[in-house]
Each structure stands twice: as structure tokens, then as C-alpha cells.
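Each chain, written out:
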Amino acid sequence: MSDIPVDPVPAAGEPADQPTESPGPVRSRARLTGAMLVQAITQGSSAVVTILAIFLALVVGGVLIVFSDPVVSRAWSSFFAVPGYTLSQTWDAVSFAYSQMFEGAILNPSTVSAALHGGSIAAIFYPLSATCAQATPLILTGLSVAIAFRAGLFNIGAAGQWVGGAVVATWLGFGVSLPPVIHVVVCVLGAFVGGAVIGWFVGLLKARTGAHEVIVTIMLNYVMYDLLQYLLSHPAMLQQPGQTNEIAPFIANDANLSHVGGPPPQVGVGFLIAVAAALVVAWLLSRTTTGFQFRTVGASPSAARTAGIKVERSWILVMLLAGGLAGLSAATVVQGTNTQLTFNSYGTYGPDGITVALLGRAKPIGVVLAGLLFGALHVGGTYVEAATLGQVPADIVQVLEGLIVLFVAAPALIRAVFRLRGTAGTGMEAVAKGWNG
Amino acid sequence: MTTLAAAVRAPLTTERRPAAAATFILLGLINICIFGLLSHHGDASFDFSQPGLGVKIPVIRIPAAPTCFVLGAISIGLGVARATVPFSQRGKRLALAAVLLCLLVSVLCWADAGEIAINLINLVQGTLVTSIPLTLGALAGCLCERSGVINIAIEGQLLFGAFTAAIVASAFGGLWVGLVAGSLAGGLVGLLLAVFAITFLMDQIILGVVLNVLALGMTDYLYDRLMAQNPNYNTGSSFGAIKIPGLAQIPVIGPIFFDSNIFLYITYVAVIGIQVALFSSRWGLRVRAVGEHPTAADTVGINVLWIRYRNVILGGLIAGIGGAYLTIGSVGLFNQDISSGFGYIALAALIFGRWTPLGSVAAALLFGFCLELALVLPTVNPSVPAPIMNMAPYVATIIAVAGLVGKVRAPKADGQPYVKA
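Here the protein sequences come in this chain order: A and B.
The opening position of the first sequence corresponds to residue 665 in this note's numbering, with each subsequent residue numbered one higher.
The opening position of the second sequence corresponds to residue 17 in this note's numbering, with each subsequent residue numbered one higher.
Chain A on its own, in the form it takes in the complex:
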């Protein structure tokens, strides 16, 4: 316990066994790009910490892959007899799993060579388009959690807000007939409103009564799950007539979010909405008075209040926007990939949104990148499960995601493991706050 960092800034602490380096000469040479790169690596800038964290998570994930493979785990039990064989088996199993994951999610070399010999060029981009499709709802729920974080609120309720948006989008999608383009727009806006109402309610309760948003959002998640189940089990509500399952009718064709680029590699309009939403949130946070107020409230509510910012108004507004973003996420699923709402549609978009927001450091661009990474992991996980005939289960991806966020959020650990010296923060400090705000 003696090696506790003595730095006054908690998350920026460096391991105590490293001497403080003199910044002078390094700073003067920093103009050269190469030197800057070296400096970034040795001092552990946030990008480097993120990459190392992903690497470390993949190493730990490799242990699970070894454990999954009966041949390799048997080889390990006789490690001291044939160490070379054991290591080569391990390397084969782990590299096969990860390369399959890469091929499934990003680029499959065989499609490239096929394209060179006159095959389909479009097929090269198929894995990437699947990744984008998976990433779309994650980016939007991630933005929902992230924008609330920036105002100092912890939105565990993206799942409930997602359901709010999904219900409205579904109802507008099959229950109302409108001209083609207008129908899509109305549905997407409806989803935004549906989620925003749920979020607004949370903000309102917090502002008026002081009810903690963590409790209220958790409880609203359960309320919304039950509400969804109720709506989907009554034909008078949202259930498809003649069905006994909890399933809604298909939404009208002209309410579907179409694709750009034709089949099969395609970019859904949903993905474009997600990217546009990220840009709008980035603009809002960094270029507008409202965004400035959010960030001030997030940094210190009492200071914000002293400066004349209406803290309660910011809470309500930011939760409204957070809910709306989660509702948009529902629109991209209900109108885009599934075209039908079922009881299981909400999946894990809400909880995943939290990890995406944390990995993206609650910054819009970071959230897009984190969403793409998690989307790729999801696609790759399914692919690798199929490629190994179920020997490497897709559940492994969830462990990888958890480990990545764990390591990214503990830069002190990464620096200790990789012997980096830097004291640069990772931007993670201001993300979440304790109960007393």
C-alpha cells in the first residue's frame, strides 16, 4: 500500500517508482512529429493508453479462448513435457479466433483476392457495413449517456428511454398512413419525442424534488419493460392481430429507414443519423451557450448556480436530450434493421450505451469510435462463434468490452503494466460523479 501515487490529481497519478522526468529538453524537440510520437508513447497519451488497454484486454481474452478450446487446454496440462507444442497450439487457437473476428467485422482478405480475380468488389465492404449497422444504435445510446455525463448526471435509463422511443415509432409506423418521405421523418421525430418524454420526466423529478436520477432511471427501465410487455400482449394496443407472441405488426414500408448503396454492402440511413447526431451533440457542447452551461453544471453545480446558470433547467434539458437520443437509437432499430418491435428488441442497447460512453470518454467523436469498436466486436463475436462451431462463444465479446473499459478507466494500471511514465490525464476524471453531485 506504500506505492500510492502522491499526485494531488487522482486519475492523473503516476506510479511512484518512476522518477519525475524533466520536461525541458523534451518540450523543445516536440515540434518534430517523430519526437512527439515517441513522447506520446512513452508518456502514455490518452490515445496510447486506449490502444494499450485494448491490447491488454485482447491478451486476457486470449486466456478465455485457450480455456474454451479442449485441445489447447489439454495441451496446457502437459505444458512442462512439451512446452513448444503447447505454445504453438495456444498461438494457433488465439490467432485463429482473433483473425476470424477481424475478417467477420472489418476485412476478409479472401474477398479482396476474389475481387482482384474479377469477383465482386462490393463484397469487400460487407463486413464493414455489418459493423456500421451494429454500431448505429450503440452510438446513439452512447451519446445519450455521454451528454448526461457532461452535465454531471448518470443516465442508466437509456434502456427505458429506448423503449419509449420504440413504442412511439412503432405505433406511428404501422398505425398511421402518411406520404412516403414524410412518414419516415414523422416516425423518427416521434421516436425522439417518445424517448425525450421519459428523459424529461427524470430531469423534472431531479430538479423539482431532488430524486436521484440513478434510482429514478433504474426504476423507469423496469416500468418501461413491463409497459412494453403489456402493450405487446394486447391486440388493442400494439400486438399484431392473430398473434399469441409479444410482437408488434411490421411497420409500413414507407416508414422504413432505407439504405444507401444497395445490397448487400450498404450504409443504413440510421448510421448517417447516428453520425449526424454525434456532430450536433459535439456542436451543442462546444459551440453553444446551452452546451457551456451543461459543462459548467457538470463541473460544479454550486459554481454554476453562483454564476447565474439555472442548474435545474440544465438538468431537465439535458435529460430531455439524452432521452431523445436513446429514442433515436430505437428508431434506427425498429425502422431500420428489424422493422418490427418485439419484447426482446431492446436487447442490451441501454447498458452497452454506458460502456460505449465511458470508452468514448463522454465526447461525441469518441463515442462514435467506441460505438464502431463495439459494433465490430459484436459482429466479430457472432462470426467467430460460427467459424469455430460454437467453441469460442460470442459471450467472450462482453468480457472483452468490460475489460477494455476497465483498463481504459484505470490509466494508472496501464502505465504500471507497460512502464510508461507520463502524467497526462485521460479525460476520464470528469465523466462520472458521486451521489452528492
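Careful, some of the hints might be misleading.
Unchecked claim - Residues on chain B that point at chain A, a partial pick, calculated with CB under 10 Å:
#1 Ile168
#2 Thr215
#3 Leu223
#4 Leu230
#5 Leu232
#6 Gly317
#7 Ile361
#8 Leu363
#9 Met407
To be verified - Derived coverage of chain B by chain A (criterion: at least 3 residues anywhere in the stretch with Cβ under 8 Å from a Cβ of chain A; other residues may be distant):
#10 148-154
#11 237-244
#12 397-406
Please keep in mind that the hints were generated in silico from the structure rather than gathered at the bench.
Keep in mind that this is a model prediction, so the values were computed, not measured.
Beta carbons: idealized from backbone N, C-alpha and C, even for Gly.
We have chain A already, so just place chain B on it with the hints.
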């Protein structure tokens, strides 16, 4: 030490607010307008029969609608009194308890359709048992947070405890071994929480969420790899009821409280032990000092980091027992995501109970009752849609948190890593 004691004895409540009075009146109106007007015309009947109860209590019948009206009027009266007359701290709590009791009886009157009587003894027993993981989880949170470490990982501790208890009990054929293993598994998650939060100064809310994700991912993965492929690792054996000699013979009370499985007795011991230790021992004073003002505690020679490590791990061990209950204490079999949000409800109970052991237990019992009621009601009154009934505990929590609890104050240093200056 005396100034320290004064500092940590500061009440965890905030100023008087009119919201409580308004909520009392709102709940009274709900009693009258919803439960009173919508209940069937006739009597609601309550059954107290139970084998081995000792005495025979007749079925009690009360007129459903009029009872709701009277109870609603009482609630409104209390609300008006709360708004006009100053109440003592004790009076406030009694008034709150009375209003909640009125609401509860109204719900029961409304729910009972008259044909099948609601068995209250079963309901109370079910509530106690359902509340076990919630109570133990909330106590785990209480131990952590009173020493200044936020514990969102209760869910992960419950889940990992449940998994480990099931697999160890199945593989080694010993339920007691499973119980110990489940507890240790919770302690392991607690240890991770402690290392990352206290030594690596990681943000504790992020950490808690991440540990939950990891626990879910790991148990899903191991379930796939081990249990789904080999049923011998998930045999589904569970503890039976143990009658406490002497106490179990007391009429009515005995069968309810002293004829259950070992987990309920562990819960009794944990609740009383932690309440006494936290508020009447030197150990507890130190823990609270560390949670409120670690620098002051450090100045008088208390080892802040050690106390935090110890409490976080101890909390993990307790939550692990709560997790073990979910498998070897009730259904026996482990299923993916068996804790299904109980850890988050325990967290809400902790906050609702204002970070005190007894308060958390009361809140956990309230949640447990609502969960149990949602299970029982569809069998007595099939006309109530099950999803709407399932919603009730969560809606009740929101009303309670917004109207009755309001802004709560956590231990002052909760969530802040301590770095020696």
C-alpha cells in the same frame, strides 16, 4: 475523537419539504379514487391459515370499497397535519409508516376479487424470503459506502456469488461448501473493486458498471462452457428449511420467522450485527469517520486505506451470500443473468434507506413485498394484467423517492479516492 464523533453523527437528512405532505395526500387520493372506486362491491377476505401455525385464525372479511375510502381519508388527514403541524423526527417516520400501511391495505382490498382469499401468512413469508438478496446486497453497499467507496457492483457480486455457489455445490456435492464459495466469489469482486478504486484511484461509478458487465460476461461464458455442456455442474440442489428449536414453536410468529432456510437466519445476524457495529462500536465510528472525512480520520491515526479495503471486501462477502441464496437458497439451478437487476434494486434500497442498515432493510422489505405481491396477485385476481402488477414496485419507488425521500445526502467522502497529502 469527540469532534470526530460529532461530525459523523450529523443527520443524513435534509430540510423539511412540503413534498412529503403533498405525497401523503396524493397517496390518500389514490386509495380513494383508484383502489376504492375500482374495487369490487363486496368483501375482501384474508386468510391466515398455515400448517403448523399453532392457533386457528378465522378468515377475516372486510368490505372492500369502504375500507379504501376510510384509509384514504386517514392518509389525507395525515398529509394535512404534516403540512400544518410540525412533526418530530419520530412522528414523521410514524406518519410515513401509517400512510404506507394504508396504501398497502387498500391495494390488498382492491386486489382481492372475493372468491379466493389472500393468504397473508404466505405473503409475509414470501416477502421475507424474496427480500434476502436485496437486504444482503443493500447491507454490502452500506458497508462500502459508509467507508467512502461507492458500490454499484452489487449486481455483479450477487451474480458471481450465485454462479460460484451453484457450481461449487454441484461439483463438490456440498451445499455448505457452495455457500462459502459463493460468499468468497462476492468477496473476490469486492477485492477487484477495492484494488481498482482504492489503489488505482479509478472512478468508482465507472468501475461498478464495468464489474457488472464483466460478471455478466464471465458467468454467461462459463455457463455456456461448463454448465450447459455438463449438467453435473448445475444439479440444482438447495438448502431445506431449518426449524429453530423453541422459537419455531411460538404460534404465528414461529412459523413465519423461525422456520426457513439458513439464509434468512444469516440475514438476521447480518442486519443486527452491522447496525450495532456501525453505530455502537469503535470500529463503526472509525468506518463512518473514514467515509465522512478521511483526512481528519487519518490525522488521528486511523489507517484510511486499510479500513476501506476491509469494508469493501467484507461487503463483497456479504453480497456473495445474497447471491448464493439466488441459486442454492431457492431454485437451486443457475441461469444466465439470474440476479436480473436485484443488485440495482438493492442499490436503490440503500439510497432510499439513507445509507443506514435499518433503513436499507426497511426499503428492501418494501421492494420484496412488492415483488412478492406481483407474483401472488395474478393467482387471486386474474383480471389484473400481470405486467401492470409487475410495474407497481417500481412506480411505488419513484413516488417514494420523489415525494418522501427527496434529496438525500450520502456519506461526505463517498466516491472520492483518498490520497494522502
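query: Looking at the structure, which of the earlier hints fail to hold?
result: Violated: hints 6 and 10.
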